[in-house]
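As they're listed, the protein sequences go chains A and B.
Position 391 (the first sequence) corresponds to 391 in the numbering used here; numbering is contiguous.
Position 149 (the second sequence) corresponds to 149 in the numbering used here; numbering is contiguous.
Do not rely on the hints blindly, as some may be mistaken.
Listed below are several chain B residues computed to face chain A (Cβ distance under 7 angstroms; list not exhaustive) [to be verified]:
#	residue
1	E47
2	I70
3	E71
4	R76
5	R86
6	K91
7	H112
Which bits of chain A does chain B cover? Going by a derived footprint, with three or more residues having C-beta under 8 angstroms, they are [to be verified]:
#	stretch
8	74-83
9	114-122
10	127-137
Taking lysine-lysine pairs in the DSS-like style, the calculated list, with each CA pair at most 30 angstroms apart, reads [what the hints assert, rightly or not]:
#	chain 1	residue 1	chain 2	residue 2
11	B	K223	B	K164
12	A	K219	A	K186
13	A	K255	B	K48
14	A	K381	A	K194
15	B	K193	B	K173
16	B	K48	A	K219
Just so you know, these hints were derived from the structure itself, not from any lab.
No experiment lies behind these values; they were computed from the predicted model shown.
Note that CB positions come from ideal geometry on N, CA and C, so glycine has one too.
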Amino acid sequence: MNVCVFFQNSAINNLCAAFFHKKAFFKAILQGFSISTLLFSEKVVPLPSVTRNVLSMTEEIKLLKGNEAIALAAIRYGADGYFGYPITPQSEIMETLMEEMPWTTTGMVVLQAESEVAAINMVYGGAACGKRVMTSSSSPGISLKQEGISFMAGGELPGLIVNVMRGGPGLGTIQPSQSDYFQTVKGGGHGDYKLITLAPASVQEMADHVVLAFDLSFKYRNPAMILTDGVIGQMMEKVILPPQRARRTDDEIRKECPWAALGKPANRPPNIHSSLELDSQRMEQNNLRFQAKYRQIEANETRGEEYRCEDAEYLIVAFGSAARISQKVVDMARAKGMKIGLFRPITLYPFPVRELYSYVGKIKKILCLELNAGQMIEDVKLAVECRIPTIHYGRLGGIIPTPQEVLDKVEKLQTEQQ
Amino acid sequence: MTTVTETTVYQKPRLMNDNPMHYCPGCSHGVVHKLLAEVIDEMGLAEKTIGIAPVGCAVFAYNYLDIDWIEAAHGRAPAVATAAKRLNPDKMVFTYQGDGDLAAIGTAETIHACNRGENIVIVFINNAIYGMTGGQMAPTTLLDMKTSTCPYGRNIALNGYPLKITELLAHLKGTCLVARETVHTAAAIKRSKKLLQRAFANAMAGKGTSIIEIVSTCASGWKMTPDEANQWMVANMLPFYPTGIIKDETTNS
Chain A
1 MNVCVFFQNS AINNLCAAFF HKKAFFKAIL QGFSISTLLF SEKVVPLPSV
51 TRNVLSMTEE IKLLKGNEAI ALAAIRYGAD GYFGYPITPQ SEIMETLMEE
101 MPWTTTGMVV LQAESEVAAI NMVYGGAACG KRVMTSSSSP GISLKQEGIS
151 FMAGGELPGL IVNVMRGGPG LGTIQPSQSD YFQTVKGGGH GDYKLITLAP
201 ASVQEMADHV VLAFDLSFKY RNPAMILTDG VIGQMMEKVI LPPQRARRTD
251 DEIRKECPWA ALGKPANRPP NIHSSLELDS QRMEQNNLRF QAKYRQIEAN
301 ETRGEEYRCE DAEYLIVAFG SAARISQKVV DMARAKGMKI GLFRPITLYP
351 FPVRELYSYV GKIKKILCLE LNAGQMIEDV KLAVECRIPT IHYGRLGGII
401 PTPQEVLDKV EKLQTEQQ
Chain B
1 MTTVTETTVY QKPRLMNDNP MHYCPGCSHG VVHKLLAEVI DEMGLAEKTI
51 GIAPVGCAVF AYNYLDIDWI EAAHGRAPAV ATAAKRLNPD KMVFTYQGDG
101 DLAAIGTAET IHACNRGENI VIVFINNAIY GMTGGQMAPT TLLDMKTSTC
151 PYGRNIALNG YPLKITELLA HLKGTCLVAR ETVHTAAAIK RSKKLLQRAF
201 ANAMAGKGTS IIEIVSTCAS GWKMTPDEAN QWMVANMLPF YPTGIIKDET
251 TNS
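Based on the provided sequences and hints, a complete structural model is requested.
Here you go:
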């Protein structure tokens, strides 16, 4: 919430773009702004998941930007490679990795590619070798990666793609947005495929989701995306990084991923990675296999979080940074006596359909808060089968709504007919 | 009775399987595939090699050589190879790309992989045409040469000039061996094989990127018999794309 205030404050809004660059950020701090003034000017009530994680572990607590947490968590996870191309507001991911030089410690490869297209195809190549590889970018760059993501899905290759969203369309703005929801969960690239999509709402979750995304992508042999935005990428919070794990040896990879292209020993047929199949009968079978896998993912992997929903008559549904704003709104509305809760989808694909449907008959109205023109609302309506009136509120082009303006919308839920 | 002793003087390379090839009669791909199968096996690299297949006629290269393969998106083979090699420095990684794949859609990936001096081999098949899609203009199509998308001949004003990408790559510090050959005669096939052997040795020794261009025929795309295609290649392609070693920084070091 603090960061939302930080973004909406016009006096320091101009600094915001500068803060997308880490050095400028620290320079600003040295010049007299303190992190606490900028980022902790309001009381922070972390989401239950954040509190739980922090309290249950005794490891060192670090103060990190979301982007830095991604980079450091990847090293801790034992990732084999990162391939990226600079774009605001996520460049700190590669900058942090280059500063850390993990190739001298864990042996992780870090490479600045010539383009987003090259970077995702490097991920494709590394994944085909059974390696844990990742890339990151922001909206315009993610558009360029769609070809490679489709090839990974078609080739059933695991890997992590991080999208720190900014406002579009086109070159758009460098300010945060959630307008790539459709692109991420409805396809993005060509063909009938699905992308496992996680939406962190805190810096802690940025780190945690690196682990979860890699695990899920290898479990299902499917690419996974962390879909976040400039708010979560740039804000600093307390975070506990995952424990350091060793990178797998080639022998371990050959055992865990017998499909890996690591050179063909005499005793097995060649491992060939291709999404091409000119025989339509076989191509249909491939597609049916993918679809069966997606149904399995939908059955097993939905994740969501409730906040003050016990006796709620009204519900906000929001993900990522919009959920952090909504949490504040819920507290403000509750203070005024309104029975309202927040449901936060953590997996955007698979979408928590069953969890949302369980509110049918209990909730009078849903407000879907998104930093876009209304994208996730379609999935919310489908989930509740339009049996709960659902309205959308969102700001566009990089504007972060204030808790107060969302509260106004929430209060109107009680009076206005839809 | 006299005893007849048989001496094998030629055999199919061990790494070439029995899958029927989809290539047209007279196509150069089969010969280059055979050379790669021989080189990989003779150098003891069969269990270490990862091939990166392109999009184009050689998209199915993975069907014919019994090694591990990764099929790249169109033009992206050098990027795929970059990661495969960097993540597996002890492996032998090569790309096999046509002119459209390498010199049009994949120009950026090609130039930057070479500029980084990735320890890979790029096998570049230049037949001046898009074979797989039915004979359209390639970046290497000669001036006045007719294709289905320049049916009146390649025209400078309309299509620009044929791209000598191999000479361009020779300028990059990251490349160590840059050469052009053909496979239309027995002597040329031997020279091509030697170049491939040296290129593979360079990659394993970490000397940088080697690019071996094979000026090839496309009898179907050129609408000629295989014999006419060879003659046309010698008369028209080789004057513009002369064979020989363009850059070699591996012998004196």
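Each hint tested on the structure:
A hinted interface residue such as E47 of chain B counts as satisfied when its beta carbon comes closer than 7 angstroms to some beta carbon of chain A; here the least separation is about 5 angstroms, so the hint holds. The beta carbon of I70 of chain B comes within 4 angstroms of a beta carbon in chain A, closer than 7 angstroms, and the hint placing it at the interface holds. For E71 of chain B, the shortest C-beta to C-beta distance to chain A is roughly 4 angstroms, which falls under 7 angstroms, so the interface hint holds. Nearest Cβ of chain A to the Cβ of R76 of chain B: about 4 angstroms, under the 7 angstroms cut. The hint holds.
Interface restraint check for R86 of chain B: the shortest CB-CB distance to chain A comes to about 5 angstroms, inside 7 angstroms, so the restraint holds. The interface hint given for K91 of chain B holds, since its Cβ lies 6 angstroms from the closest Cβ of chain A, which is under the 7 angstroms cut-off. Proximity of H112 of chain B to chain A holds as hinted, the smallest CB-CB distance being about 4 angstroms (cut-off 7 angstroms). Residue count for the stretch 74-83 of chain A with a Cβ under 8 angstroms from a Cβ of chain B: 3. That meets the three needed, and the coverage hint holds.
Proximity of the stretch 114-122 of chain A to chain B, defined as three or more residues with a beta carbon under 8 angstroms from a beta carbon of that chain, is established by the 7 residues found. Figure legend: the stretch 127-137 of chain A, annotated as covered by chain B; annotation consistent (4 residues with Cβ-Cβ distances under 8 angstroms, at least 3 required). Note on K223 of chain B and K164 of chain B: the hinted pairing holds, with a Cα-Cα distance of about 24 angstroms set against a maximum of 30 angstroms. At most 30 angstroms may separate the alpha-carbon atoms for a hinted pair to count; K219 of chain A and K186 of chain A meet this at roughly 21 angstroms.
Distance hint between K255 of chain A and K48 of chain B is fulfilled; the C-alpha atoms sit about 17 angstroms from each other, no more than 30 angstroms. With a CA separation close to 20 angstroms, the supplied pair K381 of chain A and K194 of chain A stays within the 30 angstroms bound. Proposed proximity of K193 of chain B and K173 of chain B is supported: the alpha carbons are some 24 angstroms apart, at most 30 angstroms. Our distance criterion of 30 angstroms between C-alpha atoms is met by K48 of chain B and K219 of chain A, whose separation comes to about 27 angstroms.
In this structure, every one of the numbered hints holds.
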